[in-house]
Amino acid sequence: MAVTTVPGTRTEAPALAGAKRVAYAYILTALIALLVGALLGPFQAWNYGGIDLYALLPFLKSYYQGLTLHGVLNALVFTTFFNAGLMFYLPVRELGIKPAMAWMWGSFGIAIAGLVLAGAGILTNTSTVLYTFYPPLFGHWSFYTGLALVVVSSLMVGAEVIRLRAVWRRQNPGRATPLVTYMSVVTWMMWMLASVGIVVSVVGFLIPWSFGWLDGVDPLLARTLFWYTGHPIVYFWLLPAYISWYALLPKQAGGELVSDPLARLAFLMFLLFSVPVGFHHQFTDPGIPAGWKMVHSMLTMFVGVPSLLTAFTVAASLEYAGRRNGGKGVLGWIAKLPWGNPGVSAQLLAAIAFIFGGAGGIVNASFNLNMLVHNTAWIPGHFHLTVGTAVTLTFFGVTYWLLPHLTGRPLYSTALATWANWTWFVGMMVFAVGMHWQGLLAVPRRAYISNLPAALSEAYANASVPMAVTAVSGVILMLALIFYFTVVFGTILGKRRLAEADVPQIPWASARSYKSEGVMRVMDSLAVWMGLAIFLVVIAYLPSLITMFADLQPIPGFKLW
Amino acid sequence: MDDRHHHEIAKWERRWIAASGLMTLMFVILIAYSLATEGAHIAQLAGRGSPQTLLQQPLFTDPGVRVVGPNQLQVSIVGQAFVWVPETIRVPVGSQVEFYLTARDVIHGWQVENTNLNVEVIPGEVSRLRTTFDRVGRYRVTCNEYCGIGHQNMIGWIEVVPASQWALDTAVGDATVATDAGAAVDGAAVAGARVYASNCAACHGPAGAGIAGAFPPLAGHAAELAALDGGRAYLVDSLLYGLMGQIVVNGVTYNGVMPAWAQLADGDIAAVLDHVVGLGGPAAAPFTAGEVAAERGKGLAPADVLTLRQRVVAP
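Protein chains in written order, with my numbering: chain Y, 1 to 561; chain D, 1 to 315.
Accuracy of the hints is not assured; some may be wrong.
Claimed, not checked - Below, simulated SDA-like cross-link-like pairs (lysine to any residue); rule was C-alpha separation at most 20 Å, straight line: (1) Lys251(Y) to His5(D); (2) Lys11(D) to Glu256(Y); (3) Lys251(Y) to Pro507(Y); (4) Lys61(Y) to Arg4(D); (5) Lys328(Y) to Ile9(D); (6) Lys61(Y) to His6(D); (7) Lys11(D) to Val519(Y); (8) Lys98(Y) to Ile506(Y); (9) Lys328(Y) to His5(D); (10) Lys61(Y) to His5(D); (11) Lys61(Y) to Ala207(D); (12) Lys11(D) to Ile506(Y); (13) Lys11(D) to Ala315(Y); (14) Lys61(Y) to Pro206(D); (15) Lys251(Y) to Ile9(D); (16) Lys20(Y) to Pro410(Y); (17) Lys328(Y) to Ile211(D); (18) Lys328(Y) to Glu224(D); (19) Lys61(Y) to Tyr131(Y); (20) Lys251(Y) to Gly210(D); (21) Lys61(Y) to Ile9(D); (22) Lys328(Y) to Trp12(D); (23) Lys11(D) to Pro507(Y).
No wet-lab data here; the hints were simulated from the structure.
In this text the structure is predicted, and so the values were computed from the model without any measurement.
Given only the sequences and the hints, what does the whole structure look like? Please build it.
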C-alpha cells in the first residue's frame with residue numbers, strides 16, 4: 001500500500017524560538033570560519049600554479065601556517081559548527097519538542113572556547129602542524145585542547161538530538177521515527193562511534209605530551225587513531241548534505257522523495273561501514289599488515305554502495321519533479337528543474353560534482369591504485385570535490401532559505417547567489433582537474449612549490465600545464481567567495497524585515513513509503529544497529545590496535561617550522 | 001505520484017542496487033588479483049625500534065647503494081628534515097632493487113614519480129619494498145608528507161642508467177667526489193652558497209636572518225661564535241651531530257631541533273661554515289676539510305652539542 005508520510009509538528013511554536021537562536025549562533029560561526037579559511041584557499045591554488053603571493057599576507061609566517069589555518073577552519077570548524085546547527089535545528093522542528101537550552105548553549109560555549117584556543121595555537125605559529133597534526137610534529141597544548149573541545153561540543157549536540165528522539169518515541173509509541181530525525185540520529189550515532197579514535201589520541205596522548213607529561217608519542221598509533229576518525233569524519237561532513245538532498249531538495253524542486261525506506265537504508269549502511277575503513281588512508285604505512293589493509297579496502301568499497309543508492313533515489317526524486325514541471329524525454333526533465341532558484345541550483349551542482357568526487361574516491365580506496373596518488377596533489381583535488389563542493393555548495397543552498405528563515409530578513413540577491421553557485425562550481429571543477437592531473441605527475445600535496453630554491457626551480461617543469469589550470473581556478477574561486485559572502489552579509493545585516501507570512505519555511509518534502517511496518521520497525525531499532533556497527537569496528541581494528549599498544553615506540557617532539 | 005509510476009521506479013531501484021553490488025564486488029576482486037600477482041612494491045615493516053638504534057644499524061650508518069648479488073641491489077635511505085640521504089641514487093636498468101627506508105626525526109613520505117613506489121617513512125620504523133626499474137631515466141623523488149618549513153625542498157633523484165654505464169661509474173668509484181673537491185678549490189664561496197641554499201636556507205632564511213622564536217639567525221651570530229674560544233669546533237659539531245634543547249640568541253629563546261648533517265662531505269661543511277660566518281660581515285680564517293674531519297668520529301649526541309655550546313658562550 002502506497003503511503004505518503006508528512007511528519008509531525010511543523011508549525012512554528014514560540015517554545016522553539018530558543019532553538020532558532022542557538023542554531024543561528026552555530027551556523028553564523030560556521031560561515032565566519034568558512035570565510036576566513038576559504039580566503040586563504042586561492043593563495044594555495046596559486047602556489048600550485050607556481051605563483052607565490054604570500055607576501056600579500058604578512059600576518060602569516062609561512063605557507064604552512066596558512067595551510068593549517070585553512071584546513072582547520074574549513075574542514076574541521078566550518079563543517080562541525082554547521083552540522084551542529086543544522087542537525088540540531090531540523091530534528092527539533094520535525095519533532096516539535098523543546099530542547100534543553102542550557103545544555104545547548106553550554107555546548108556552544110565550549111565550541112567557541114575550543115575555537116579560540118585552537119586559533120591561538122595556529123595564529124601564534126606555535127602549531128603549524130596542519131589539520132592532520134601527526135606527531136612527532138609538536139604543536140602547542142592550546143591547539144590540541146581546542147580541537148578536543150570542539151569535538152566535545154559536537155558530541156553534546158548529538159546527545160541532545162538522540163535524547164529528543166527518545167522523548168518523542170515515548171510520546172508516540174509504535175510510530176516510526178520521522179525521516180529527518182532518523183537520518184540525523186543515525187549520523188550523530190556514527191559520529192559518536194567515529195570520534196573515539198581522535199579522542200583517545202588527543203586526550204590520551206597529544207595533550208599530555210604537549211604539556212610535557214609524556215616524553216613521546218608513537219607516530220604509527222597516532223596516525224591509526226587519527227584515521228580511525230579521519231575517514232568517517234568525511235561522512236559526518238557529507239550526511240547533513242544528504243539529509244538536505246533527500247528530505248528538502250525534492251520539495252524545493254517541485255516533487256517528493258520517491259523512497260523513504262531506501263533513504264533510511266542508506267543511512268544505516270553509513271552507520272555500519274563508515275568507521276571500519278580507516279586503513280585506506282594508511283595504505284602506504286609499512287607498519288600495518290597488507291591483509292588488514294585489504295579488509296579495509298573491501299569495506300570501503302561497501303561504503304560506496306549507500307552513496308550509489310543515494311544517487312539513484314535523489315536522481316529519481318528530481319526526475320519526478322522535472323517531469324511534473326513538464327519535462328519530456330530521457331533528459332528533458334533536467335532542464336525543467338528550477339535552476340533559477342539558487343537554493344536548488346547550488347545543490348544540483350553539488351550533486352554533479354559529487355559524481356566525480358565519488359569516482360575519484362573509489363580510486364583512492366583501491367589499495368593498488370592508491371600507490372600512484374597517495375599524498376599527491378590528487379588528494380586535495382579529490383576532497384575539494386567532495387567536502388569542498390558537494391558539501392559546501394549544498395550548505396550554500398541551505399543558507400539561501402535558512403538565513404532568511406532564521407533572521408526573518410530577505411535573501412540579499414537571488415542573482416548574486418546564482419553567480420556564487422556557478423563560479424564556485426566551475427572554480428572547483430577547474431581546481432580539481434589541475435590538482436588531479438598534478439597528482440598523477442607525482443606533485444606532492446601540501447608543499448610550498450612556488451618557492452623552491454633556484455637549484456630545484458625546474459623540479460616540476462613537467463607539470464606546468466596542470467599548474468596553470470590550478471592557478472586559473474584560484475581566480476574564479478576568489479570571485480565566488482566575494483559573491484557568496486556578499487549574499488550572506490547582505491542578508492543578515494539587511495535592514496528590511498519580511499512579513500511573518502513571507503518568511504521562508506523549512507522545505508519539508510513528503511516521502512513515499514511502500515515497505516511494511518515491520519521493515520520500518522527493524523530499521524528503527526537503532527540500538528541494535530549501533531551494536532552491529534561497534535562489532536564491525538572491533539573486528540576491523542582491535543587486532544591491529546592490540547599489536548600497536550603492545551609495542552609502543554614513543555618519539556620525542558619536533559618543532560620544524 | 002501514481003502507483004504505476006512508483007512501481008516503475010521500484011523496478012529500476014532493484015536493478016540499480018544489484019548493479020552497485022556487482023560493481024563493488026568486481027572492484028574488490030580486481031584489487032586483490034592485482035596485488036596478489038604484482039604487489040612487491042607495497043612497503044612492508046622490516047624493523048621497529050628507537051630511531052637512534054635503527055640509525056646505528058649497518059644499513060643506515062652509511063646509507064646508499066650496495067650490490068648484494070648478480071643484478072641485485074640493496075638501497076638504504078634516511079629521510080630527515082629536509083633532505084633524503086643520499087640525495088641521488090644511481091641504479092642500472094633492469095636490476096632488482098630492494099629499498100630500506102627510515103626517518104631520523106619526523107614522518108616523511110617517499111614517492112618516486114612514474115612508479116608505484118610510495119611509502120610513509122616513519123621514525124621508529126624500517127620499511128622494505130622491492131622493484132625493478134625497466135626504463136632508463138632520471139626519476140624525481142619527493143617528500144609527500146609535510147615535515148616542516150622546508151618540506152618542499154626535500155627532493156631527491158633516482159638515476160636509472162644502462163647497465164654498462166653503471167658498471168663503469170662503479171669502477172671509477174669516487175670520481176664524483178673528486179670532481180666536487182675540484183669545484184671546492186675553484187670557488188669555495190660558490191660551493192658554500194650552493195650547500196647553504198639547498199640545505200640551510202629553508203629554516204634559517206636565504207640571508208641567515210632566521211625566524212624569531214623558531215629558527216635562530218646565523219648572520220652575525222655564527223661570526224660571534226667562531227671568534228670565541230672553542231667556537232669553531234662547536235660550529236663543526238653542530239653540523240655533524242645536530243643540536244637539541246633550549247638556546248638563547250640575541251635575547252630570543254629557541255627550543256627546537258637542528259638535524260645532523262654528517263652526510264655532507266667535509267669540504268662542503270667547511271665551505272658552508274665559511275658562507276655562514278661570512279653572512280655577518282668579513283670572513284674569518286677559512287674552515288678546512290681537515291678541521292671537519294678531526295671532529296668526525298667523536299660520536300656526540302645533539303644534547304652533548306648543547307653542553308658544548310653552553311661552555312663556549314658562558315659569560
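Structure-based check of each hint:
1. Taking the CA atoms of Lys251(Y) and His5(D), the gap is about 18 Å. The hint holds against a cut of 20 Å.
2. For the proposed pair Lys11(D) and Glu256(Y), the alpha carbon gap of about 18 Å is at most 20 Å, so the pair holds.
3. Our distance criterion of 20 Å between C-alpha atoms is met by Lys251(Y) and Pro507(Y), whose separation comes to about 6 Å.
4. The suggested pairing of Lys61(Y) with Arg4(D) is violated, with an alpha-carbon distance near 64 Å, which exceeds 20 Å.
5. A distance of roughly 17 Å separates the Cα atoms of Lys328(Y) and Ile9(D); the hinted pair therefore holds under the 20 Å criterion.
6. A threshold of 20 Å between alpha carbons decides the hint, and for Lys61(Y) with His6(D) the separation of about 59 Å lies outside it, so the pair is violated.
7. Restraint check for Lys11(D) and Val519(Y): the C-alpha separation of about 19 Å stays at or below 20 Å, so the hint holds.
8. Restraint check for Lys98(Y) and Ile506(Y): the C-alpha separation of about 17 Å stays at or below 20 Å, so the hint holds.
9. The suggested pairing of Lys328(Y) with His5(D) holds, with an alpha-carbon distance near 15 Å, which does not exceed 20 Å.
10. This hinted pair does not check out: Lys61(Y) and His5(D) have alpha carbons roughly 61 Å apart, beyond 20 Å.
11. Simply put, Lys61(Y) and Ala207(D) have alpha-carbon atoms about 16 Å apart, close enough for the 20 Å limit, and the pair holds.
12. At most 20 Å may separate the alpha-carbon atoms for a hinted pair to count; Lys11(D) and Ile506(Y) exceed this at roughly 31 Å.
13. The straight-line distance between the Cα atoms of Lys11(D) and Ala315(Y) is roughly 15 Å, inside the 20 Å bound, and the hint therefore holds.
14. About 15 Å separates the Cα atoms of Lys61(Y) and Pro206(D), which keeps this hinted pair within 20 Å; it holds.
15. Between Lys251(Y) and Ile9(D), the direct Cα distance comes to roughly 18 Å. Compliance with the 20 Å bound is thereby established for this hinted pair.
16. Our distance criterion of 20 Å between C-alpha atoms is met by Lys20(Y) and Pro410(Y), whose separation comes to about 17 Å.
17. Simply put, Lys328(Y) and Ile211(D) have alpha-carbon atoms about 65 Å apart, too far for the 20 Å limit, and the pair is violated.
18. Restraint check for Lys328(Y) and Glu224(D): not satisfied, since their Cα atoms lie roughly 83 Å apart, outside the 20 Å limit.
19. A distance of roughly 17 Å separates the Cα atoms of Lys61(Y) and Tyr131(Y); the hinted pair therefore holds under the 20 Å criterion.
20. Distance hint between Lys251(Y) and Gly210(D) is unfulfilled; the C-alpha atoms sit about 59 Å from each other, more than 20 Å.
21. With a C-alpha separation of about 57 Å, the suggested pairing of Lys61(Y) with Ile9(D) is violated against the 20 Å cut-off.
22. Of the pairs offered as hints, the one joining Lys328(Y) and Trp12(D) holds, with about 19 Å between alpha carbons and a cut-off of 20 Å not exceeded.
23. Using a Cα cut-off of 20 Å, the hinted pair Lys11(D) and Pro507(Y) is violated, with the two alpha carbons roughly 28 Å apart.
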